[in-house]
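Colleague: Could you build the full structure based on these sequences and the hints that come with them?
In UniProt numbering, the protein residues as written are 1 to 129.
A few of these clues could be false.
[Unchecked claim] Estimated spans, in silico, between C-beta atoms of each pair: (1) Q71 to Q36: 33 to 39 Å; (2) N6 to E113: 15 to 21 Å; (3) A76 to P34: 30 to 36 Å.
[What the hints assert, rightly or not] DSS-like mimics (lysine-lysine), calculated; alpha carbons at most 27 Å apart, straight line: (4) K23 to K40; (5) K23 to K5; (6) K22 to K40; (7) K40 to K5; (8) K5 to K107; (9) K17 to K40; (10) K22 to K5; (11) K40 to K74; (12) K5 to K29; (13) K5 to K17; (14) K107 to K74; (15) K40 to K107; (16) K17 to K29; (17) K29 to K40.
Think of the hints as simulated: they come from the structure by calculation, not from any bench.
For each residue, glycine too, the CB sits at the ideal point set by N, CA and C.
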Amino acid sequence: MPSIKNLEMAAAVSSYKNITVKKSWFSTKVIYTPTQSPVKVIIQEYSPAEGDRLERLLNMPLDRMAAEIQQNGKPAPAQIGHYRLEACLSDDRQFCTLQLFRFVDFKNSAVFEPRIYEGIDAERIAQIL
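Modeller: Listed below in C-alpha cells is the structure:
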C-alpha cells in the first residue's frame with residue numbers, strides 16, 4: 001500500500017486542518033479527525049485517452065460528473081500511463097483529496113493543485129476511485 005510520504009501532495013494533505021498524521025517507527029497513519037476515520041492513499045495511472053477523460057470529469061461540476069460516471073462508467077486505470085492520479089480517501093468516504101499529474105518531458109507535471117473535498121462532495125469524487 002502506498003504511503004502518504006510518497007505523494008507529491010503530502011504537504012498539502014498533512015497541513016489540512018481536519019487531518020491528523022501519526023508517525024511511528026515503521027508506519028505513518030493519517031486520520032480524518034471529524035469522524036476519526038483512517039485515510040488510505042491511492043495512486044492510479046491512466047492511458048492518454050482515459051487520462052484526458054479523467055481530467056475533463058474532474059473539471060466538471062460534481063453533480064454533472066456523477067451523472068457522467070453513472071452513464072458512461074469511470075475511467076479505467078492502466079498499468080503504466082501518461083496520467084497519474086494521487087488521492088487520499090477516508091474509509092467512511094467523508095474526506096477526499098486528489099491531484100492529477102501528466103507525464104511531460106520526462107517528469108510528472110501537475111495538471112492542477114491539490115483539491116480537497118468533504119462530506120457529500122467527497123462521496124461524489126470517490127466514485128472515480
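Colleague: Are the hints correct? Go through all of them and say.
Modeller: Outcome of the hint check:
Judged by the Cβ atoms, the range 33 to 39 Å given for Q71 and Q36 holds: they are separated by roughly 35 Å. Checked against the hint of 15 to 21 Å, the C-beta distance between N6 and E113 comes to roughly 18 Å, which is consistent with it. Checking the proposed 30 to 36 Å range against A76 and P34 shows it holds: the Cβ atoms sit about 32 Å from each other. The straight-line distance between the Cα atoms of K23 and K40 is roughly 15 Å, inside the 27 Å bound, and the hint therefore holds.
For a cut-off of 27 Å, the pair hint linking K23 to K5 stands: about 11 Å separates their Cα positions. A C-alpha spacing of about 13 Å is found between K22 and K40, which places the hinted pair at or below 27 Å, so the restraint holds. In summary, the hint linking K40 to K5 is supported, as the alpha carbons are separated by about 12 Å, within the 27 Å threshold. Distance hint between K5 and K107 is fulfilled; the C-alpha atoms sit about 19 Å from each other, no more than 27 Å.
Taking the CA atoms of K17 and K40, the gap is about 17 Å. The hint holds against a cut of 27 Å. A hinted pair counts as satisfied when its Cα atoms are at most 27 Å apart, and K22 with K5 qualifies at roughly 12 Å. A distance of roughly 20 Å separates the Cα atoms of K40 and K74; the hinted pair therefore holds under the 27 Å criterion. With a CA separation close to 11 Å, the supplied pair K5 and K29 stays within the 27 Å bound.
Annotation: proposed proximity of K5 to K17 holds, straight-line Cα distance about 18 Å (limit 27 Å). At roughly 26 Å between alpha-carbon atoms, K107 and K74 fall within 27 Å of each other, so this suggested pair holds. For a cut-off of 27 Å, the pair hint linking K40 to K107 stands: about 25 Å separates their Cα positions. Annotation: proposed proximity of K17 to K29 holds, straight-line Cα distance about 16 Å (limit 27 Å).
Pair hint K29 plus K40 holds up; C-alpha atoms about 9 Å apart against a cutoff of 27 Å.
When each numbered hint is compared with the structure, no violation occurs for any of them.
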